[in-house]
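Undergrad: Chains as they are written, first to last, in the numbering used here: chain W, 1 to 349; chain H, 1001 to 1213.
Everything labelled a hint here was simulated from the structure, so no lab data went into it. There may be inaccurate statements among the hints.
Said to hold, decoys possible - Partial selection, computed: residues in chain W whose CB lies under 8 Å from chain H: (1) 39; (2) 40; (3) 42; (4) 43; (5) 44; (6) 47; (7) 308; (8) 311; (9) 312; (10) 313.
Unchecked claim - With a Cα cut of at most 25 Å, we get these calculated DMTMM-like pairs of lysine to aspartate or glutamate: (11) W/327 to H/1014; (12) H/1023 to W/323; (13) H/1008 to W/319.
This structure is a prediction, so every number in the text was calculated from the model and none was measured. All C-beta atoms in this analysis are idealised placements derived from N, C-alpha and C, irrespective of residue type, glycine included.
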Amino acid sequence: MESVVAGVVIAVIKILVILGIVLGVGAYLTWVERKVAAHIQRRPGPMVVGWHGLLQPIADGLKLITKEDLFPRYGNKFLYNLAIVLALVPATLVFAVVPFGPEFELFGYRIKPILTDVNVALLLVFGLGSLAVYAIAIAGWASNSKYPLIGSMRKAGIIISYEVAITFAVMGPLILAGTLSTYEIVQRQIEQNLWYIWVQPIAFVVFLFSLLAETGRVPFDIQEAEAELVTGFTVEYGGMKFGLFPLVEWYVEVLSLSAIAVVLFFGGWSPINIPFMGFVDPLFFLGPFSPYVWFLLKVTVLFLFILWLHWTLPRYRIDQITEIAWKVMLPLALINIVLTAIIAPVVWR
Amino acid sequence: MIKRVTAKPLSWLERALFIDFIKGLSVTIRHAFSRTITTHYPYEKLTPPKRFRGFFAHKVVDGNEPQPAYDEWVERFKIEVIPGKSRCVVCMLCKRACPVPQLFEIEGKKLENGRRVVSVFNMNLMLCTFCGFCVDACPVDCLYQTDIHETASYTRKDSILDLELLEKIGKDWQMRRENEPDRIWIDDSQRDKLWHENKVKLPEAEIRGRHEW
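The shape of chain H in the complex, shown without the other chains:
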């Protein structure tokens, strides 16, 4: 059944006195004299949510790896675990999951003690759509997307993330936001300025390590 919804037609008097104009004008004048809600971008910045799909990063080995998955993969591929270095086990699942696989360039190398380690991990972000499939595919919670969203660069070469940079971003992200509870938005001062009308106090989430759940 189609429900027809129409505005009530204006009466003759309302037309003659421009009532509809006056209503609209009163709305705009009220907005004109209320506070602006703009974030002045280069000077003020919003903090993106924790799950934001920005620049990629490699989480480094710091004892918070998902267990027992990480140990199983390390065992299977005989990976040399170096604390402070990438967790990558060179399983290539990220490349498999990727819609544009050629953007990954992943190589491992054999160390003298017979164990292996990732040596090359290049991501060409010129081809990337930031879909996050690779992050979902990563079995050891290594490849990750961070909240860095200012990705513009002057050259095409700058848009390629190599292993060193990925680890650097990963360390930075782990330091800043690893322990933050998963929430859609975090309540920082910028956002507080914007949405002061509906300020809600969210219950403090219990911080737990990834391996506990």
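With the rest of the complex left out, here is chain W:
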């Protein structure tokens, strides 16, 4: 009985911590993105609200909350509101299977810093990732307007193409690790003294492309396409309802997929890896906190890299995007799987 209560308490604490981190950080990433974008264009970005605009996300949030909530005539109110929930919940749920660090012991309880260490974690990730398309398709449909519908159709086309590519891309690391559990995948990388990026660079490139496409980042931001579609499926949304879509798409989803990429290719919480030799930890002085810092550091670097790409590249056309998915990325991923499947058993078994 006591262990059940303890389990529930621990789970609730984990949920609160993860929700707090994800949504709080997600809001502040708007500031990070604006700063990065501004400096790439040689502007200083937000400077007025707080020191270097540090309070800007709060000001934006207040502004969005106090705005009038408009609803398009002849739209479908139920689906209109459902789309927001469908966008927010799956994107946040992905963090349930992200391992933040190694197992530790506190007050006699063994705690894994992962909400649920299920053995189908990656399937869950991609299942939830695919749910994003429903949010956007429903948002476009319920708005009863042309631009949102075009935007959501484009997004649906992209996600359907890239879900296939991303699923095949992660097959390589899966074959090497021999498990679907995210926690176990990191453990295997540490046991094998190998970040999978060293042997799976093709898979990583495919994964990165799919990540950009799924989260609607440049060069695949065709569903938003400010110049043509205003902002795509969010046109008819106002106030905080409008604010939630970019928050979810650009920040929470990018964060979650970056975390998954770090887990799959960069050895999760492990320090710098020398292939097949071992790990070098320049942050050893942090003691037990070093794994968490490493994990956050890797996710941050990946996130900043995605921002850098976003503010550098132009946008592809919709036909080019799907062409890349089906004609380049999918065959590459398949070749990668075949090679891995042939070579991996020879090396490790």
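Position chain H relative to chain W; hints supplied.
TA: Chain H in isolation, oriented as in the chain W frame:
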């Protein structure tokens, strides 16, 4: 003849290694770590050029009037010349030149000694396009456009410039910038911060009164 210009297509290897991506990324990272070139507007302000088309002003009588035009107009309309007051001779040429003439409201009055003077000169800037035709038309170099460009106001009434305000702005402008040589930009510290790369030293122009040329 049409000259076709196309970029050299990327080779197979360049595509595979994302050379074009890397080139673009290297450009943006270099810019990301160089200085920003923003002027933080409400806190730092640029000085507009002398010929900037901003708020209107009436130059006042200070001995620098364009001669002999000014004396001729004064003679023709029997204008009372009061130093420190507007040079306006109520010729209405600004109203004639204006594309939206109703924005001007100009009246003169007769003084007891029989000479005349401008009494009302209202400009409704709600209708104004700041085209500067009235300034070109002014024969006595009275109506003028200054470098004041923060023209926003809380009420519509505030957007009407009356004679008093025009004279006030004119005096201010004459004090600040009348003697400045005509140049496109003046080199103040803000601009120096922006364009420090191509700092050019312009030859010092000889300052002359308007009447000499």
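Undergrad: Give a verdict on every hint.
TA: How the hints compare with the structure:
1. 39: holds (5 Å)
2. 40: Nearest chain H Cβ about 5 Å off; hint holds.
3. 42: Interface hint status for residue 42 of chain W: holds (5 Å vs cutoff 8 Å).
4. 43: Interface hint status for residue 43 of chain W: holds (5 Å vs cutoff 8 Å).
5. 44: The hint holds - residue 44 of chain W has a Cβ within 8 Å of chain H, the shortest such distance being about 5 Å.
6. 47: holds (7 Å)
7. 308: holds (6 Å)
8. 311: holds (6 Å)
9. 312: This interface hint holds because 4 Å falls under the 8 Å limit.
10. 313: holds (6 Å)
11. W/327 to H/1014: Given pair residue 327 of chain W, residue 1014 of chain H holds - Cα atoms ~18 Å apart, limit 25 Å.
12. H/1023 to W/323: holds (23 Å)
13. H/1008 to W/319: holds (22 Å)
In this structure, none of the earlier numbered hints is contradicted; all agree with it.
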